[in-house]
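Keeping the supplied structure of chain A fixed, place chain B upon it in accordance with the hints.
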Amino acid sequence: MKRILKSVILASALLLGAGSSQLVMADDVKPAVVAAEPASAPAAAPDSAAASSGAAPAATVAAAPASAPVAEAAPASAAAAPAAVPNKGDTAWMLVATLLVILMTLPGLALFYGGLVRTKNMLSVLMQVFMIFAVIIVLWCIYGYSLAFTEGGNFIGSFDRVFLNGIWDPAKASFTTAATFSKGVVIPEFVYVAFQATFAAITCGLIIGAFAERAKFSAVLAFVVIWFTFSYLPIAHMVWFWTGPDAIKDAATLATETAKAGYLWQKGALDFAGGTVVHINAAIAGLVGAIMIGKRVGYGREAMAPHSLTMTMIGASLLWVGWFGFNAGSALEAGDVAALAFVNTLLATAAATVSWVFGEWMSKGKPSMLGGASGAVAGLVAITPACGYVGPMGALMIGLIAGVVCLWGVNGLKRLIGADDSLDVFGVHGVGGILGALLTGVFAAPSLGGQGIFDYVTNKMSADPYSIFAQVTTQATAVGVTIIWSAVVSVIAYKLVDLVIGLRVPEDEEREGLDITSHGESAYHS
Amino acid sequence: MKLITAIIKPFKLDEVREALSEMGVQGITVTEVKGFGRQKGHTELYRGAEYVVDFLPKTKIEAAVDDAIVDRAIEAIEGAARTGKIGDGKIFVYDLQQVVRIRTGETGNDAL
Numbered sequence: 001m002k003r004i005l006k007s008v009i010l011a012s013a014l015l016l017g018a019g020s021s022q023l024v025m026a027d028d029v030k031p032a033v034v035a036a037e038p039a040s041a042p043a044a045a046p047d048s049a050a051a052s053s054g055a056a057p058a059a060t061v062a063a064a065p066a067s068a069p070v071a072e073a074a075p076a077s078a079a080a081a082p083a084a085v086p087n088k089g090d091t092a093w094m095l096v097a098t099l100l101v102i103l104m105t106l107p108g109l110a111l112f113y114g115g116l117v118r119t120k121n122m123l124s125v126l127m128q129v130f131m132i133f134a135v136i137i138v139l140w141c142i143y144g145y146s147l148a149f150t151e152g153g154n155f156i157g158s159f160d161r162v163f164l165n166g167i168w169d170p171a172k173a174s175f176t177t178a179a180t181f182s183k184g185v186v187i188p189e190f191v192y193v194a195f196q197a198t199f200a201a202i203t204c205g206l207i208i209g210a211f212a213e214r215a216k217f218s219a220v221l222a223f224v225v226i227w228f229t230f231s232y233l234p235i236a237h238m239v240w241f242w243t244g245p246d247a248i249k250d251a252a253t254l255a256t257e258t259a260k261a262g263y264l265w266q267k268g269a270l271d272f273a274g275g276t277v278v279h280i281n282a283a284i285a286g287l288v289g290a291i292m293i294g295k296r297v298g299y300g301r302e303a304m305a306p307h308s309l310t311m312t313m314i315g316a317s318l319l320w321v322g323w324f325g326f327n328a329g330s331a332l333e334a335g336d337v338a339a340l341a342f343v344n345t346l347l348a349t350a351a352a353t354v355s356w357v358f359g360e361w362m363s364k365g366k367p368s369m370l371g372g373a374s375g376a377v378a379g380l381v382a383i384t385p386a387c388g389y390v391g392p393m394g395a396l397m398i399g400l401i402a403g404v405v406c407l408w409g410v411n412g413l414k415r416l417i418g419a420d421d422s423l424d425v426f427g428v429h430g431v432g433g434i435l436g437a438l439l440t441g442v443f444a445a446p447s448l449g450g451q452g453i454f455d456y457v458t459n460k461m462s463a464d465p466y467s468i469f470a471q472v473t474t475q476a477t478a479v480g481v482t483i484i485w486s487a488v489v490s491v492i493a494y495k496l497v498d499l500v501i502g503l504r505v506p507e508d509e510e511r512e513g514l515d516i517t518s519h520g521e522s523a524y525h526s
Numbered sequence: 001m002k003l004i005t006a007i008i009k010p011f012k013l014d015e016v017r018e019a020l021s022e023m024g025v026q027g028i029t030v031t032e033v034k035g036f037g038r039q040k041g042h043t044e045l046y047r048g049a050e051y052v053v054d055f056l057p058k059t060k061i062e063a064a065v066d067d068a069i070v071d072r073a074i075e076a077i078e079g080a081a082r083t084g085k086i087g088d089g090k091i092f093v094y095d096l097q098q099v100v101r102i103r104t105g106e107t108g109n110d111a112l
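Protein chains in written order, with the working numbering: chain A, 1 to 526; chain B, 1 to 112.
Derived from the structure by calculation, the hints contain no laboratory data.
Treat the hints with care, since some could be wrong.
[Unchecked claim] Cβ-Cβ distance ranges computed for the label pairs, FRET-style:
#  : chain 1 : residue 1 : chain 2 : residue 2 : range
1  : B       : Gly41     : A       : Leu496    : 42 to 50 Å
2  : A       : Thr310    : B       : Tyr51     : 16 to 24 Å
3  : A       : Thr310    : B       : Val53     : 13 to 21 Å
4  : B       : Leu3      : A       : Glu302    : 35 to 43 Å
5  : A       : Thr310    : B       : Arg72     : 40 to 48 Å
6  : B       : Arg101    : A       : Ile516    : 39 to 47 Å
7  : A       : Leu416    : B       : Gly84     : 40 to 48 Å
8  : B       : Tyr51     : A       : Ile492    : 35 to 43 Å
9  : B       : Pro10     : A       : Leu416    : 34 to 42 Å
10 : B       : Asp54     : A       : Arg415    : 18 to 26 Å
11 : A       : Thr310    : B       : Pro10     : 14 to 22 Å
12 : A       : Met369    : B       : Gly84     : 28 to 36 Å
13 : A       : Ala303    : B       : Lys85     : 22 to 30 Å
14 : B       : Arg82     : A       : Met362    : 33 to 41 Å
[Unchecked claim] In silico lysine-lysine, DSBU-like type, Cα no more than 35 Å apart, as pairs:
#  : chain 1 : residue 1 : chain 2 : residue 2
15 : A       : Lys120    : B       : Lys9
16 : A       : Lys366    : B       : Lys9
17 : B       : Lys60     : A       : Lys120
18 : A       : Lys120    : B       : Lys40
19 : A       : Lys364    : B       : Lys85
20 : A       : Lys295    : B       : Lys34
21 : A       : Lys364    : B       : Lys60
22 : B       : Lys34     : A       : Lys366
23 : B       : Lys34     : A       : Lys120
24 : B       : Lys90     : B       : Lys9
25 : A       : Lys414    : B       : Lys34
26 : B       : Lys90     : A       : Lys120
27 : A       : Lys364    : B       : Lys90
Here a beta-carbon is modelled for each residue, glycine too, at the ideal position from N, C-alpha and C.
Pulled out of the complex, with its shape left as it was, chain A reads as follows:
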């Protein structure tokens, strides 16, 4: 029992219990609320996440006071639970957070990567990131959101929200809402759709750094579509999907609601903003790609120095700024947990920058700008899964450790692996992601200033003692599942693409540069 309790709902503390990682789903428990819309029909129409909580879809009671926490509402079976109304402040913040995550990719990630390649491949990198963003957003709205964030199995959702169906009912002028980590607090489901769309897009964009400067453009797009469908969506569902806290009232409802959640969520894995889903997932896809596509022509013999660390610095800075939307936005409301995640993101990133730069200064002799930018990104990656669960000093430690460990990731470990991971996607995102995921289990401990585990039945911190060992084991399980899942999907996807279109460009095109040969243009004219 204890295990189940623990395994489930964990979270960021806060009086109200703002909570843990991403989540949600608008289900009928708290459906659209529209002013003036009388409690007519059972919840908005085609909402099929239905089955949920056996609770017959709560009626859409319009005028009901939104404030009353669901918990105090009528017993589960009763029909008329007051439906929550999105708070305008929460909605505004989440829209801004979504914009910030878009900024991380366009142009943040594109410039960060672009500056690291040679002049002749600048546009190919910018274009790959740009195009992947666009393609993934389209797929997300067609089927991605539905498969990731509706109730289905424990590994993948359903097709209930295909084409974003059922969120808006123009006839009734009603919109569905998505649950957050706080009971009775919701945001418009469309905001949640957009917010999560940007996560999917940046994750797919991250991958290309590993095989930059040699991959065929069409192959990159084909791979990303397959990988997004069979790796990103299931992992996102496994780690983040749950039905929200509102229906949880006692041990029984906790069990029924938990049974509907994603596989790793049920296990109690903590991933606030995407250590497993985003960083480890993408890094493994990148590493497999770097190995399967092969090394760049002249790798290790010819100079492949970054062509513009100025661009890389700009990109890293935009990533840092945008990451506040990514991490603090993952609280899903404008409250205490968002503020905590904000401070942790600020602090861990600064700490990792300091530790990487001093580590490099001591071991290599000079503190480099590229080291500064890389350290910042390493810190951002590492704090991502932890930012809503650990205290600021936990964040400081995670950052300090991440800086030096990722410095090793792009040096010693890189040589050990021997693959030409062009822009160190694995060294920074993989190593930082794994480290962050594991350290989340450590620094989430109340004894180390963290939040421990939140119990949605009692609506306060779980009374069970927090076991660092048990939580780290759970975290390691999530890391392992992600690594294996992503690796298997990646190997199959690359193989498939290789058979159908071929993964890399011919050698002469690679020598001339992808800008001219793949895209017919040059980044710079002298």
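Okay, now just chain B, sitting in the frame of chain A:
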């Protein structure tokens, strides 16, 4: 007539130009070049990757001058470009057969 070609440190270009103008040289041609001499190159480190940069950026100056001022011109360049550290560059002097000013058709010393 002589053609003076000097390879200097890029940041010394302005001082050299001023020194040459002062002693009466009418014009120079400047090119950005790369090369190595005793200074050799340097190493650059990008994360784990180390690259030896063999060729360093230098500036090449070319000036055609009258035989009468060639020694003073060499001294001017030498004086202005010297830092005393390795990598200050070199000056080469060639005999110049002919000079033509394209606009007027003047030749020889008149064209300088």
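Legend entry - Hint numbers contradicted by this structure: Nothing - there is no hint that the structure violates, so all of them hold.
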